[in-house]
Structure formats: C-alpha cells, structure tokens
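Numbering of the sequence shown is given in my numbering, commencing with residue 52 and proceeding in unit increments.
One or more of the hints may lead you astray.
What the hints assert, rightly or not - Straight line, CA to CA, 20 Å or less: simulated SDA-like cross-link-like pairs of lysine to any residue: (1) K507 to R273; (2) K299 to F358; (3) K299 to A321; (4) K299 to R273; (5) K299 to G362; (6) K299 to F207; (7) K299 to R399; (8) K299 to Y255; (9) K299 to L235; (10) K507 to R432.
As the list claims (entries may be wrong) - Cβ-Cβ distance ranges computed for the label pairs, FRET-style: (11) F347 to Q381: 27 to 37 Å; (12) L171 to P211: 52 to 62 Å; (13) T208 to G492: 38 to 48 Å; (14) S485 to F327: 36 to 46 Å; (15) G222 to S363: 26 to 36 Å; (16) P384 to P353: 53 to 63 Å; (17) D386 to I221: 50 to 60 Å; (18) M52 to G270: 56 to 66 Å; (19) R500 to H217: 30 to 40 Å.
Source of the hints: derived by calculation from the structure; they are not laboratory data.
All residues carry an ideal CB built from backbone N, CA and C; glycine is no exception.
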Amino acid sequence: MNALDLARWQFGITTIYHFLFVPLTIGLSVVVAALQTAWHRTGRPEYLRATKFFGKLFLINFAMGVVTGIVQEFQFGMNWSTYSTFVGDVFGVPLALEALLAFFLESTFLGLWIFGWDRLPRRVHLATIWAAAIGSNLSAYFILSANAWMRHPVGFTVDPATGRAHLTDIGAVLTNPQAWSTYLHVVSASFVVAGLFVVAVSAYKLLHADASPHPSEPGMFRRTLRAGLITTLVAGAVVTLSGDHQAKLMAEYEPMKLASAEALWDTTDAAGFSLFAVGNSEISSAGGEVAIGRNFVDLEVPYVLSFLATGSPAGEVQGINDLQARFTEQFGPGDYTPNIPVLYWAFRLMIGLGLAGVGVGVVGLWLTRRKAPPVRPWMYRLAMAGLPAALAANIFGWVLTELGRQPWTVVGELLTAASVSPGVSLGEVAFSLSLFTAIYGVLAVVEGRLLWSYVKAGPEHVMPYPREGEREPDNVPAFTY
Numbered sequence: 052m053n054a055l056d057l058a059r060w061q062f063g064i065t066t067i068y069h070f071l072f073v074p075l076t077i078g079l080s081v082v083v084a085a086l087q088t089a090w091h092r093t094g095r096p097e098y099l100r101a102t103k104f105f106g107k108l109f110l111i112n113f114a115m116g117v118v119t120g121i122v123q124e125f126q127f128g129m130n131w132s133t134y135s136t137f138v139g140d141v142f143g144v145p146l147a148l149e150a151l152l153a154f155f156l157e158s159t160f161l162g163l164w165i166f167g168w169d170r171l172p173r174r175v176h177l178a179t180i181w182a183a184a185i186g187s188n189l190s191a192y193f194i195l196s197a198n199a200w201m202r203h204p205v206g207f208t209v210d211p212a213t214g215r216a217h218l219t220d221i222g223a224v225l226t227n228p229q230a231w232s233t234y235l236h237v238v239s240a241s242f243v244v245a246g247l248f249v250v251a252v253s254a255y256k257l258l259h260a261d262a263s264p265h266p267s268e269p270g271m272f273r274r275t276l277r278a279g280l281i282t283t284l285v286a287g288a289v290v291t292l293s294g295d296h297q298a299k300l301m302a303e304y305e306p307m308k309l310a311s312a313e314a315l316w317d318t319t320d321a322a323g324f325s326l327f328a329v330g331n332s333e334i335s336s337a338g339g340e341v342a343i344g345r346n347f348v349d350l351e352v353p354y355v356l357s358f359l360a361t362g363s364p365a366g367e368v369q370g371i372n373d374l375q376a377r378f379t380e381q382f383g384p385g386d387y388t389p390n391i392p393v394l395y396w397a398f399r400l401m402i403g404l405g406l407a408g409v410g411v412g413v414v415g416l417w418l419t420r421r422k423a424p425p426v427r428p429w430m431y432r433l434a435m436a437g438l439p440a441a442l443a444a445n446i447f448g449w450v451l452t453e454l455g456r457q458p459w460t461v462v463g464e465l466l467t468a469a470s471v472s473p474g475v476s477l478g479e480v481a482f483s484l485s486l487f488t489a490i491y492g493v494l495a496v497v498e499g500r501l502l503w504s505y506v507k508a509g510p511e512h513v514m515p516y517p518r519e520g521e522r523e524p525d526n527v528p529a530f531t532y
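Build out the structure end to end from the sequences listed, making use of the hints.
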C-alpha cells in the first residue's frame, strides 16, 4: 500500500458518493419543472402540491450534491498535482464554463424559484425552474466533456519543454464524440433514476394511503406514479440506444476497456457476448511484455459482441493479449490491462440492474393502465425496489468508465502512476481519506433522515390542505426553506 493506492481509493470513494446525487439532480430538476408546467396550464391544485413536494426533495438532494462536489476539485491539487499540471490548460476552459455559466445559471435561477413564489409573475416564476434545469444539464455536459477528453484527448498539443498539454481547439474538446455520446448516455440514465425516484416515493405514499391527511392525496400520487413510470420507460429507451453507440466508440477509441469488460483474450471475428466467465490473468515474467490469460468457463451469446462493437455480427473485436503486445511496442514495457474481473462484473451489473429498473417502468405502466388500479402491496414494493437498482447501475457504469481507462489518467499521454502528487505521503492521504469517509458518513445520515422525514410528512408539510368547507386559496403561499 502506498500514497498512489490510497489517493485512487479516496478519489473513487468521493466520486461515487457524489454521483449518488448528481443523476437525481439532473433528472428531478426537469421533472419538477414539468409538474409546475402542468399546474400552470391546468390550474389543478394537485399539480401545485406535487411541484412543491418533489421540489422540496429536489432541493435537499441539490444541496448535498453541491457540498460533496466541492471536494472533487480540491483533490486535484491535494493528491494529483502532477496530473493537474499536465491537464490544467485544457481542463480550465470546460471547468470554467461549468462554474461561471452552467452552475451560476442553475443556482441563481433556483434561488429565484425558491423565493419567487407570490413575488414573481407565474410565467416568470415557471421560467426560473426551467432555467435552473437547463443549467443543471449544461453543467453535466461541460464536466463530461472534460472527462471524455481524458479517454480520447483531442484539440491539444504537448509542450516538449514543460511537458504540459496546451489547448489548441476548444471546439474539438466540446464536440468530442466521446463527450456528446457519454452525455446522452449519462443524462438519459439520470432520467431513469429521477423517474424511479418519483415512482418509489409515489408507491410508498400509495402503499400507506390509509394514513393520508386528505382524500385527494392518493389521486395525486397515482398521477405522479404514472408520470414517473413514463419518464423511466422513455429514458430507458434512450439509454439503450446511446449505450449501443457507446460500445462502438469503446471499440474504436478504448479497445482494451471493451476487451477487458468482456474478458476477451484473443482477437476474434464474430465474437459473442459473455454471460458468465471464469478465468485467470497473468503478466509473463519475461519483462512483463505480454499478457497471458484465458477463460476456463465462458458462456456467451454468439455474434452479439461483434454486432455491438462494429455493427456487423461478423466484425472483428480486438483481444487483450494482442492489445497488450501492441501497447507494449507503442509505449514501452508495462502492464496496460485494467482490473479485468472488476470491469467484467461492473459491465454486467450495470446492464442487469439498469434493465431491472427499466423493467419496473414497463411492468408498472401495464399494472396501472386502468384509471383506478387495484391496490396491490407487492406492486408498490416492487416499484420502490427499482430506485436502488437504478442508482447501483449508475455507479457500476462509472466504475466501468473510470477503471476501464487504467493504467492511464489521460489515455496515451499520462499514466496514473505518474499523476500523483510527489510530495504527499501515505500518512497524509490516509488521514484525509479517514476524515472524508467520516464526514461523508455523517452527511449520508443527514441526507437520509431529511428525505425520509419529508417523504413521510407528504405534501401537507409544504402546502397544507384546506379545512373541510374551505376553498383552495386563490394565491399561492410562499415556498419557504
């Protein structure tokens, strides 16, 4: 164990924790905006209650995402100064655009939305939540374009005197095929998470409908349940299509990641998609130049991998052994394979859990096709189970993305082993890792308790129901936090 190992663990832990909140923020911002739009167009109070209720949950999640995201940027200077020195000129532009344009757009208009109830005209107030949602999605694009550059670096040159990358074409960075394809995949997956969040909350409230403080509340949650299911199904279709495109880009720009995710050792025509494999991976003792691996057991579906990678069932897919030999010749002796078992199972868990979440949308829409579906407790419990499945699928997707790039931080340009801060000791990284883990543990408890308490309280907490015989108020009460 050394400082590099702990620095990688720290970045992985904090990134995964942060990414629990990011997809929900991206997707739920649009869901809340859509609910307020429905209220604006119809004037029906249940849409207003749903807007305020899910808006409250969205803001709790947004705040936690901001807090955990700040740590990510500090780590670049703390643990990865060599990496920061190399990429700083390139990363500066998309990260500055994210902070100065997207985040300020998001946070400014979100503030106007929070405090603008009864103070802004209704159309203007509606525009503020849509502006915040657009800012949230723009922010994701700038961050993902920077991440995509690490996997497929374009629009730069390396100064031979300083060894630093210099940006030459920001347009190439922002239009990187890895950037827009990854953005489409990540954002559609975020809408799956947001849709299943709405489904899970609505299902919980319907499961406990006997405790509702007002007879109209179950009807409201039946509407939001259907809205969440439709969101999940539509977004799931986009995830599938964008995932297919991602596989083809992986075969072109990151062939080692694809081969490792499939445990494909030798270059193969008409390669099948592996369902279950058991094998070994070793580096030969003769200078560590050639990877030698094989599978003892490999159950596969014929032709599927070639079709996913090339668009042809007979297409050639490069294998780990051949890629290792090629990279050794190109970059010098070394092990250019990522952690194959982790990648292999992360790929399958991402696909399997993602399909399970989308499956909840399909089954749920069928079971709720009637205007007043029968009360089936198992159906609501199944709906609630879709949310953790979708969150886990997102996490495994990022594990695949980040570990699949190894041993590089910037593919072909900078190795991870050469990226760590030279002056940081093992003890210093261990201390910061322990501190962040403890703080994040406390934040997890705070986040969970807040969400749970407001879900249990329901819409009554943010907008009380009128007493018997009273009308709904003509004016909208302030939305305070």
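Evaluated hints:
1. K507 to R273: Given pair K507, R273 holds - Cα atoms ~17 Å apart, limit 20 Å.
2. K299 to F358: Judged against 20 Å, a Cα distance of about 9 Å means the pair holds.
3. K299 to A321: Holds, at about 15 Å.
4. K299 to R273: This hinted pair is violated, its Cα atoms lying about 40 Å apart.
5. K299 to G362: Distance of about 8 Å is within 20 Å: holds.
6. K299 to F207: With Cα atoms ~24 Å apart, K299 and F207 exceed 20 Å; violated.
7. K299 to R399: With Cα atoms ~17 Å apart, K299 and R399 stay inside 20 Å; holds.
8. K299 to Y255: Outside the cut-off at roughly 40 Å; violated.
9. K299 to L235: 14 Å, holds
10. K507 to R432: 16 Å, holds
11. F347 to Q381: 27 to 37 Å: 30 Å, holds
12. L171 to P211: 52 to 62 Å: 56 Å, holds
13. T208 to G492: 38 to 48 Å: 44 Å, holds
14. S485 to F327: 36 to 46 Å: 37 Å, holds
15. G222 to S363: 26 to 36 Å: Since the Cβ atoms of G222 and S363 sit about 32 Å apart, the hinted range of 26 to 36 Å holds.
16. P384 to P353: 53 to 63 Å: 36 Å, violated
17. D386 to I221: 50 to 60 Å: 34 Å, violated
18. M52 to G270: 56 to 66 Å: For M52 and G270 the Cβ distance comes to about 57 Å; the hint holds.
19. R500 to H217: 30 to 40 Å: 48 Å, violated
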